[in-house]
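Novice: Listed here are the chains, written in short residue letters.
2 protein chains.
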Amino acid sequence: MKENVIKFTRGVPPPESFATAKLAECAAAALAEYGSVIQQYGPAIGFKPLREWIAAEDNTAVERVIVGQGSLQLLDLAAHLIVSPGEPVYVESPSYDRTLTILRRAKARLRGFALGPDGLDVDEIEQRLAGGERPRFFYLIPDFQNPSGSVMAAEKRYAIARLAQQYDFWVIEDSPYRALRYRGEELPSIYSLIPERTLLMSSYSKTICPGLRVGYMVAPQVLIQPLVKMAEDTYINSSYITQAMVFEFLRRGWLDSNLVELKELYRQRLDGMLGCLDEHMADLATWTRPEGGFFIGLTLNHNRSIVRLMEEAQKAGLELTDGRGFFPEGGGENFVRLPFCGVSLAEIEQGIKILAQAVRAV
Amino acid sequence: MKENVIKFTRGVPPPESFATAKLAECAAAALAEYGSVIQQYGPAIGFKPLREWIAAEDNTAVERVIVGQGSLQLLDLAAHLIVSPGEPVYVESPSYDRTLTILRRAKARLRGFALGPDGLDVDEIEQRLAGGERPRFFYLIPDFQNPSGSVMAAEKRYAIARLAQQYDFWVIEDSPYRALRYRGEELPSIYSLIPERTLLMSSYSKTICPGLRVGYMVAPQVLIQPLVKMAEDTYINSSYITQAMVFEFLRRGWLDSNLVELKELYRQRLDGMLGCLDEHMADLATWTRPEGGFFIGLTLNHNRSIVRLMEEAQKAGLELTDGRGFFPEGGGENFVRLPFCGVSLAEIEQGIKILAQAVRAV
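Going down the list, the protein sequences come from chains A and B. Sequence positions in the first sequence follow numbering that gives the first Met the number 0 and run 0 to 361. Sequence positions in the second sequence follow numbering that gives the first Met the number 0 and run 0 to 361.
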């Protein structure tokens, strides 16, 4: 293995994005201000000042906001709460691999809907629903989707919202990248269209840092109490210390200034990677041109063995993620997820060159 | 409801036990020293310096130590890993109510063994095993048991260890109170007798503060990798920020000085409660005389309705926990768990008086 392996693997932020000194100040302030509350056990629903902040941001009642150890943990609870073994759940194909694992563990019957060049085919979804299938929920990442990088068009958001109402299913809208838009116009969240039918998930992992492990869910009134009960029964409560650190960060206005810096840094890396792809991969693959988020989704023009491609890239010092992990019902041999935020411009250039060589070699 | 309700409910430490300024210093030190590691995602097994510390303390390999969001969350993972629905699991009766909930959710078939005045009846356990029943594990709290406050005698620890070997089951030894011994001699942990058969659980909730949500498990080699995989699939990783704060606390030697102070404070409260019980309840109940931990377990002399007792106490300003929640197979109408650490001497005196009056009234 090469000494400096380039990782096009997971969607991690770069260490240079961390506001270390600010976070230390937030820890000191949180302990000074809320010491007796945040060092104690507390209700599993989460630290109230942070929940109030989120409720105001997301235009909802504080009672509907649960904060936990990352949003994935809350998704795990919600999946076990909502889905009985064998019941269908709809997902995009490809979708976030960790979510697929969670849904499989909950024994959901996964139905994937292809994310084509124009996104989801709403007619296909409607036909399935009209045929009588009733998913418990549709898990969607409308903004800068993981792993494809695509954005769901506004009319499709409206269509999904209409179908959810008509056919009575929940939408789980996973939204960790929404605040990281580098260009273009923000579109309405599905949550904003059907708040009573949507479980909105997000976290501070991509906007402050992952190590806080602070994520949240805004859940419909009817689900929030059973969700909180499951959380309490599983881990009593998540740490209020890190939740209060996030709150201190937010109330100082540091998230906004952080986002300005992050967007500038990540936009350069996105553009750098798109430029390298144009230069080295134009005859080998097609890819999305995201306006935000962490990922470019790349599809090879010809059938390859993803295993051999990964081996070939590894030999030259580039680690890739197995594209098959993102596909709920098989496929993905030709899919490569390219995370661009956690790698430098030099690594991006070198990595894409290696990728192009590896594709030619397999 | 009275204005100042006295809570004999959960096992919470008092706010005056929190080392707030020290914890703030640990947060600053951790971020300065390990900022780029602890703000990032990391392996689900936990922050390595803390794991190394725990491994040295518990005389094991670092590879066997997993740190997570409290030990209960790790127990939940272990239960789902080890137990298939319908399989028997052995517990003490009474036992920790949150564990019983976790085991029921994992669809374990709970078998409770009565904790009599002399502790578990080893012959009864051996007869069940000899009869062919094979539990997946025996969940035990040998030191200052929750909720009874009892300590398992040394010869019973050896007997359980022998049975676990002979009949091939795991022991889950929950040990959060072990360091809080106020008098008497420490006994060998079951883990020290059969480390390859024991999942040792503990946490810093009772020795530093609960709000950190840092607990750990020392698991047999054969279980650690699947356990870590389940943890990663559920929440990626627990916060290294709070884990590093714990590590900084430990390496400064502050846990030891903390324990000296906590033991002095809690010993006074234990003795205060025992004195009040002797004074007010001698003709109404029997109770354990713990040498450490958080709880005295009290059994009423005559059958009462725990619901009516709770109501009567509540009217007079005392909250109790429903004793039935601690019994895996029914019972507990006459059982009252008395947590003594989180209440002042004045509250203890007032609370026990109310309890005695309430018992007489129902």
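Calculated directly from the structure, the hints in this document are not laboratory data. Take these hints with a grain of salt, some might be off.
As the list makes no split between identical chains, a pair holds if one copy fits it or if it spans any two.
What the hints assert, rightly or not - Derived pair list, reagent style EDC-like, types lysine to aspartate or glutamate, alpha-carbon separation capped at 20 Å:
(1) K47 - E62
(2) K155 - D117
(3) K228 - D321
(4) K155 - E184
(5) K21 - E154
(6) K21 - E32
(7) K106 - E231
(8) K314 - D255
(9) K352 - D282
(10) K106 - E132
(11) K47 - E310
Every value quoted in this text rests on a predicted model; they were computed, and no experiment measured them.
Novice: Please go over all the hints and tell whether each is borne out by the structure.
Specialist: Structure-based check of all given hints:
For a Cα distance limit of 20 Å, the shortest separation of K47 from E62 inside one copy, 10 Å, qualifies, whereas the shortest one across copies, 37 Å, does not. For the homomeric pair K155 and D117, the shortest alpha-carbon distance inside one copy (10 Å) is at most 20 Å, but the shortest distance between copies (68 Å) is not. Taking the shortest alpha-carbon separations for K228 and D321, only the inter-copy value of 17 Å comes in at or below 20 Å, while the best intra-copy value is 36 Å. Taking CA atoms no more than 20 Å apart as the test, K155 paired with E184 passes inside one copy only; the shortest distance there is 16 Å, against 69 Å between copies.
In the homo-oligomer, the alpha carbons of K21 and E154 never lie at most 20 Å apart, since the shortest distance is 40 Å inside one protomer and 54 Å across protomers. Taking the closest pair of Cα atoms, K21 and E32 come within 20 Å of each other both inside a single copy (16 Å) and across two copies (15 Å). Taking identical chains as interchangeable, the C-alpha atoms of K106 and E231 lie at most 20 Å apart only when they sit on different chains, with a minimum of 18 Å there against 22 Å within one chain. Taking CA atoms no more than 20 Å apart as the test, K314 paired with D255 passes in neither setting, with 41 Å inside one copy and 50 Å between copies.
In this assembly of identical chains, K352 and D282 lie within 20 Å of each other by CA distance solely inside one copy; the values are 13 Å within and 84 Å between copies. For a Cα distance limit of 20 Å, the shortest separation of K106 from E132 inside one copy, 17 Å, qualifies, whereas the shortest one across copies, 29 Å, does not. In the homo-oligomer, the alpha carbons of K47 and E310 never lie at most 20 Å apart, since the shortest distance is 48 Å inside one protomer and 29 Å across protomers.
Violated hints for the displayed structure, listed by number in ascending order: 5, 8, 11.
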